[in-house]
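J.: Protein sequence lines, in the order shown, are assigned to chains A and B. In our numbering, each residue carries its 1-based index in the first sequence increased by 845. In our numbering, each residue carries its 1-based index in the second sequence increased by 161.
Hints in this document: simulated from the structure, not taken from any laboratory. Predicted model only: the values in this text are computed from it and were never measured. Just so it is clear, CB atoms sit at the ideal spot from N, CA and C, and this is done for glycine as well. Among the hints, a few may not be true.
If you anchor each label on the Cβ, the simulated ranges turn out as follows [unchecked claim]: (1) Glu919(A) x Lys251(B): 52 to 58 angstroms; (2) Thr201(B) x Glu919(A): 33 to 39 angstroms; (3) Lys931(A) x Gly190(B): 44 to 50 angstroms; (4) Asn184(B) x Ser970(A): 27 to 33 angstroms; (5) Val892(A) x Ser176(B): 45 to 51 angstroms; (6) Ser974(A) x Asn243(B): 23 to 29 angstroms.
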Amino acid sequence: MKKNINKLMAAILVFAVMTAVLPGCKSTPKDADLKAAIETLLQTKPVASGTTVSVDKGVATLSGQVTDETSKEELGKAAAGVVGVKSVVNNLSVAAPVSAPVTIAMDDPLTAAVKDATKDFPTVSASVSEGVITLKGEIQKANLQKLMMVLQALKPKKVDNTQLVIK
Amino acid sequence: MALQDKYKELIDAASAAGVNDLNVREQDGVLYIDGATNGTIKQQLWDTYERLDPNYASGDLVMNINSVAGISEGAKLKVTTNSSNLNIRKGPSTSDDIVGKAARNEVVTLVSKANDQWWLIKTDQGEEGYSFTQYLTPLS
Chain A
846 MKKNINKLMA AILVFAVMTA VLPGCKSTPK DADLKAAIET LLQTKPVASG TTVSVDKGVA
906 TLSGQVTDET SKEELGKAAA GVVGVKSVVN NLSVAAPVSA PVTIAMDDPL TAAVKDATKD
966 FPTVSASVSE GVITLKGEIQ KANLQKLMMV LQALKPKKVD NTQLVIK
Chain B
162 MALQDKYKEL IDAASAAGVN DLNVREQDGV LYIDGATNGT IKQQLWDTYE RLDPNYASGD
222 LVMNINSVAG ISEGAKLKVT TNSSNLNIRK GPSTSDDIVG KAARNEVVTL VSKANDQWWL
282 IKTDQGEEGY SFTQYLTPLS
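Chain B on its own, in the form it takes in the complex:
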């Protein structure tokens, strides 16, 4: 239970924020926190995590807070790559061929979700394919 004490502030914050399906478990020396919420709360929880464990160096927590569970088809998404264009691929993996590109900060539309990592999107130019969700931020 020591990890639950170490991350008590984080767990309490997640409960207080009303994170959906919040699940906190400890297994083999690692604490697992899962749940779903919006992007703002996710950011706050991650900032708390970083404060309690600077640089996430301990490797004793795996926090999986899904902030895109509530995003539905037809939603507008902004391309938030670090600098480069976003690849649009034929299938949901980097081994699939690139069929198009979306520029940084361009707004695209969610067509469907293949999984948590890959979404089928469509650009305003009509290019359609799979992109990595890491680089897509829902416009709210």
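Chain A on its own, in the form it takes in the complex:
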């Protein structure tokens, strides 16, 4: 019984020594080296600011945020191209585009423009308040699209035609 335990201990010891030594024997780059290599590569790419890299057993994981899908793919490919990287988990997220706030026309020029735009539709009356164009009266259905096209091009906040009778 004691002999068996000794054998088992010996086996465990051998196993432990091999696991400790084997990675050192292989030519596979260490995770830390891969991480450093990928980071150096990404530093050359401006789109990579705001991203981080981690490497586990040769699998590189990219996290953080980029501005568009193209950058995400580009960085994923770049990381995959580093020698020793087995695969890439691309966890980069694409940020929603930051756009300028909507420009709404001021009421005075908008009122003047609406007056011009509705001139050809004498059965329609329009008023403007805080950027909202409110339409009343009636219009032929065939003309509605033309009127809406013109009014929505004037940079209103919205066009309310719920009180307009469409015939």
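Since chain A is already given, all that's left is putting chain B on it; use the hints.
T.: Just chain B, lined up with the frame of chain A:
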């Protein structure tokens, strides 16, 4: 984002058609779609808009697709009023005096653009002044 879902087909169509400077934003319950393209694509997008929101009754979308951005000076424009003649005015507003008229379907020449609503035009008779772009359709 609910409005972007409601008008997803429209937004997708605009992207697929290669609308320039396409900008889609939602603010205070209204979706704003801006961009520039040609008249044919603009018409298709508006037809899609009308199908998704019959009679444009919801008031939750402001679509400003400019189909005249690419029109340059010297271009020929057809007068497309509903029935009446087109007024040609001294300045770019309806409060400016009328200096001439162009008949419906008459072809005039673009001299310069004061803004998106008013263009300086010239008739074949040599009358020159500002007209509302709503009634001018570029000949292509």
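J.: If any of the earlier hints don't hold here, list their numbers in rising order.
T.: 5
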